[in-house]
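Asker: When you get a sec, could you build the whole thing from the sequences and use the hints?
Keeping their order, the protein sequence lines are chains A and B.
Going by numbering that gives the first Met the number 0, 262 is the number at position 263 of the first sequence; the sequence numbering is gapless.
Going by numbering that gives the first Met the number 0, 9 is the number at position 10 of the second sequence; the sequence numbering is gapless.
Mixed in with the good hints, there may be bad ones.
[To be verified] Just so you have them, the derived chain A footprint on chain B, three or more residues with Cβ under 8 angstroms:
(1) 22-32
(2) 69-82
(3) 122-134
[As the list claims (entries may be wrong)] Using C-beta positions, here's what the derived DEER-type ranges look like:
(4) A/Leu-491 x B/Asp-64: 41 to 47 angstroms
(5) B/Gly-143 x A/Arg-920: 54 to 60 angstroms
(6) B/Asp-64 x A/Arg-520: 34 to 40 angstroms
(7) A/Arg-520 x B/Ala-98: 15 to 21 angstroms
(8) A/Arg-520 x B/Asp-1: 37 to 43 angstroms
(9) A/Thr-1198 x B/Ala-98: 52 to 58 angstroms
(10) B/Asp-69 x A/Ala-489: 34 to 40 angstroms
(11) B/Gln-137 x A/Ser-505: 35 to 41 angstroms
(12) B/Glu-130 x A/Ala-497: 56 to 62 angstroms
(13) B/Gln-137 x A/Tyr-507: 48 to 54 angstroms
Please keep in mind that the hints were generated in silico from the structure rather than gathered at the bench.
C-beta atoms are modelled at their ideal positions from N, C-alpha and C, and glycine is treated no differently.
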Amino acid sequence: MAEDRYETCSEGSACSQMGSNNKCKHVFDRLCGFAPSWNWNTTTTTTLPPPPSGRRIFHRDVEKEAFQYASSSHCLSSYYSVFVVRLAIMVMLAILIGLLTILTWHFTKIYTTKSLKTLAYDLRYELLQRPILRMWNILNSTAEITTAQVKLSQYVIRRYSNPVNQAEQVELYEAMRAITWALFSSKKALNSITINYKNGFVQAFHRDLKDNNTSYIYSDLSNYSMVANEMNSFSAHQAWNDKAIHGNKSAIWYREPLDPVTGDKIGKAMKIAPEDLINIAGLSQVPDGVASWHVAVSKFTDSPLLSAALPVWDSSNKSIMAVVGVTTALYSVGQLMKELVEMHSGHMYLTSQEGYLLATSTNAPLLTNSTKHPTLKMAVDCENEVIKLGAEWLQRAYGNHSPPSHEVHVENAKLGHQQYYIDSFFLNLKRLPLVGVIIIPRKYIMGQVDERAFKTLVILISASLCILVIGCVCILILTNGVSKEMKLRAALISQLEARRKAEASSNYKSQFLANMSHELRTPMAAVIGLLDILISDDCLTNEQYSTVTQIRKCSTALLRLLNNILDLSKVESGKLVLEDAEFDLGRELEGLVDMFSVQCINHNVETVLDLSDEMPKVVRGDSARVVQIFTNLINNSIKFTPSGHIILRGWCEYPNSCNGSPIFPLEQKKSRCIQKAREKQNANNEKRTTKRDNKVILWFEVDDTGCGIDPSKWDSVFESFEQADPSTTRLHGGTGLGLCIVRNLVNKMGGDIKVVKKEGQGTLMRLCLVLSTPTDVTEQHYALDFTDNSLVVLLALHGNMSRLITSKWLQKNGVCTIEASEWNGLTQVLRELFHARSPVHNNNNFDAHYPVTEGLKSKLLSIQDMKKPVFVIVVDIGLLDLSTDIWKEQLNFLHRYFGRARFVWMLNHDTSNNIKMEIRRKGNVLMVNKPLYKAKMVHILEAVIKERNLELQKRNNMIGPRTTTKEGELHEFLEIDSTHFDAGSSDDSDTSETVGSNPVSVDGDKQIELVARSPASSTYKINNCLVGLTNEHLEDTNNARKEESCQSSPSSSKHAIEESDPKSLSTKEPSQGGDSECGETHRAAGPNNNVVNGKNSLEGLRILLAEDTPVLQRVATIMLEKMGASVVAVGDGQQAVDALHCKLGVDDCRRDSLQKERNMRSQTEILTSPYDLILMDCQMPKMDGYEATKAIRKSEVGTGLHIPIVALTAHAMSCDEAKCLEVGMDAYLTKPIDFKQMVSTILSLTKRKTS
Amino acid sequence: MDVGQMQRQWLDYTRSLFIEGFLDNQFLQLQQLQDENNPEFVVEVVSLFFDDSERLLKDLNFALDQQGVDFKKVDAHVHQLKGSSSSIGAQRVKNACIAFRNFCEEQNVEACLRCLQQVKQEYCLVKNKLETLFRLEQQIVAAGGSIPMMELGF
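Answerer: This is the structure we're talking about:
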């Protein structure tokens, strides 16, 4: 724990310092209380806001400090709390164990002590009982002997009641002696038996208990006469008594030793002084004639004697004849006590009631040896210390008033230095009450117990101490673990917090970037604009011009970078809202490949598109973002691929294939197709319904043969500003944002992108996108089967990959293919094919010269088996030797086969015009731009089949004049140009769009379908370079279109437009714009081409403008009016709604009358709604744009109308867009209004409607 | 003064306005919108802007003078000002308005007042500049010249 504390201290040193500082300050405050303002400043820096100057930085610092302080103090407090908790747990444990120990010990001890005490009490009682019983015995036996002696004496004395002479007297005495001896010898415990006769004669037997000498003592008979006989009266008796005493002094006593067993004389009688040896009981001892007891003291023994005296009456019971006395030594009681005490230790004594000692367990003398007489001692005077102290203690405790029963039990009387048990018993004998006292040292009984108890206590305490220590250690370990875990958790929490903060800051960063790049774009636009001004200035030198052009390019690059960052941060900050609209995926990708192939041809890189047949044609999603993904990927691949190929593969996977693509009955399909037009009008509603589209997982691979990516960087290349090899930046440029954007977008679309291991050189990126296919769109796969058309396609293409893929695909669809990669191969195959078929020209030399491979041979054989095969020869213009003039010869060579096969020419984008002219001159009309992909191939094959069918028809009908027209048609149709596919993918391709609509001098009835399929079909031979020419054609287009629309019935034209490519919006602009403007349109060229092209494009549209700011209102009005639209401006949302309603009301009445005038342009608009479009400012007084839109949409419910509403907002955030769309607006424009954008938005909306 | 010289001066002046950031391409768009049908379009719109702005500034002054400032109202005014200034391309006024709105959101009266002063200042500046520009134009027209076109295609 100490260690812990130390750690705490060291870790929280900052805080402790702080704390000490604070303390110091506190003290200081106390000291200088008179300077409050100064103190106030110094002490409160951490809490109070600092002075305003330098506020920010200082504040931040303080915050940081405060944060540190908070964290460290938090840390310290947690340490304290841990410490306190530990302490508390330990203390509780200690208390618990202590209590347990003490209780155990206490109860054990109490129980033991109690039982021991009971036992000890019994023991003491028993011990004391025994001497007392002995005493009792002694008394009893003494009494018995005395009684027996008295009875016998009475008998003998009666017999010799009247002795007449001395002899008789002697005889009596002899008889008495014999009786007495008999009794005396029968009781060994007797000390003496005495008989004192009336006449003073004394007979006594005496036993010395110490030396076991027995003697017979008698007084001299001669001294006693018969005088005593006269004294019968009581008074005489008294006199006798006195006489006896006095007489005794004068009498002579003899002592005769006897054999203790037989009683025979063994020695000579010796003369002794009377009463020298023993006490003779006289009359004085039986004063009232009854038996008496008393404790006597003899001169000769040192122990007290118990003597009993009884009178012997004569036969008439009137006078006492003699007195019999029996004495018993109490010595045996003492002996017994000694024995008992020897066994049990302790002390015992018996006292009389008065306190005289009768017997003790010690050898201490019981008698005081005073000079005169030995007398009994008091217990308190006993020489034995313990007995004396005990007696004194008893006397002190009870005084002379001993308890009534005389029984005392004291357990811990302190005598001297020791504890004793003192017990006393009382034996209440008549005339001789006795008190027995036993003193046993406590040590004897409880000593062991105390010792054991002490030992037990010591053991228990030490055991509990051990447990306590172990418990504490355990707690320490446990809490240490817990606190460590808690510390870790705290760290984790703080880490999470930090992470959250970091994420938030990263979010801020993204947001900041988004806002910043948004703001940066404006000045960039200005820079670019100003540069444009500069470029158009005439007075620049060439050098300046080139510099400015360079700057212009750089600025554009910078703007693109800004856009990238904006994209990225939009995605990251979650503001990017993906569009959800149907688009033709295949077409988008084809356009992309077209675009990049131009770039690649310079690099000698082949761009190949390989989409599987089951790919859905139409998917829902954000087409711009999808295109952006592939643009970035392919761009990336091109950058790092110096030579080889780039393949974009695609296939799909239906996650719910079991219920996917429900098959509708054919009729239903058709009706659906018709319904589509109507459904398009309610795009909003449709959106909701198609939410349950079938999800489809689209897999794509971008495969290149570039330098490849190191496997360790496979993941990191998708990070922002990350490049696989930083050194490439110098070489290839780029910021490393491209792939990051790609990954973000792919993830946003619910897909995933990764780099996949590839065999061979290069990189293989695989990504999947989850898009949905609209359910109501019929299956539009290229469900083609050319098998029964017996087509043979000879692919003479330069690029290996594209040739291989195309050939594979064709074979899969039942078309026989032959491949050739260079001119010689082509010629050989041609010869093989055609010379083998025509036996006239069959020349074996060719076989010799050009040995054909086995595969080719078998193919040729199978082709020969075919019935009427149609040959299609796809020739890459690159096969011709264009560097010299040989190509003309080669063309001529090929022309030989013209009649037998259809030639399709693959042109490069930079193929020179005269080559094209030459080819055309030869009658080859099928020309496509590189690259070749599926859709183009399908077009080619369809054209070929159609042509053949027509030929067959022609042959059948044999109608001459039609042939030429057919040729012409085919001529027009078959020059498939694909540039219009670019329209959707690139922003700057508007020029090509306008070119796309070109004259088709067709017979309207029959060729509608053709127009419908390919509105972009044109005589477009030259690419963008020949604007003038294009414009001429444009004029034609307009005329033709107008004618067509006039001629054809409304329904059919409508149909045509409906089916036309929705992307080429501008194609319809000229058709709407009147004839008069056409010339103007064409004349205008240059950078503003786009804008000017759109001039008057809003002709005839009536637009309601709801805008409260007068300036903006005016500006927008003028803008729109310039475009030819008629504008009604209102000041707020309420007015807008009102304006709409009142017009509606008017319209209703006019509708019928106007029904017939449908075709008149000036009137048609009124038919459906008063305005073609509403421009709605979002923030307006009274009723804002959202509310107004809601109101308008509400009023539209049930009428089938849908006026396009375009929002005008000042905030350019996607959330606003979402809000706008949510309330039912169709599009939104940001302020300040961008001219181009506004026009295109309005056009797209009105177009959709009129279609 | 020679007409050509005046035209050059006009061009220089206009460019300086762009470079100094008083105007942006929105103003150019306005100029493009001006044609035979609306020969005085720019002047018209700009004077509209002046009227509108002066009204709004007065309102703002009033709104901010009051005890409890109604920031919603202030915000609406500033928003309008921002809209109209951005429509004629008075960029610096617009930027001042953006800052103003931020403070409005913070409900910071002090900063709002400061911003109002700034907006006023910017407004006066741009007004002066534009008036000078128009005077120049008038001079050119009076001298029989035509206003040179500034072509900007973004």
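Asker: Against the earlier hints, flag every one the structure doesn't satisfy and list their numbers going up.
Answerer: Going through the list in order, the structure violates hints 3, 4, 9, 10 and 11 and respects the others.
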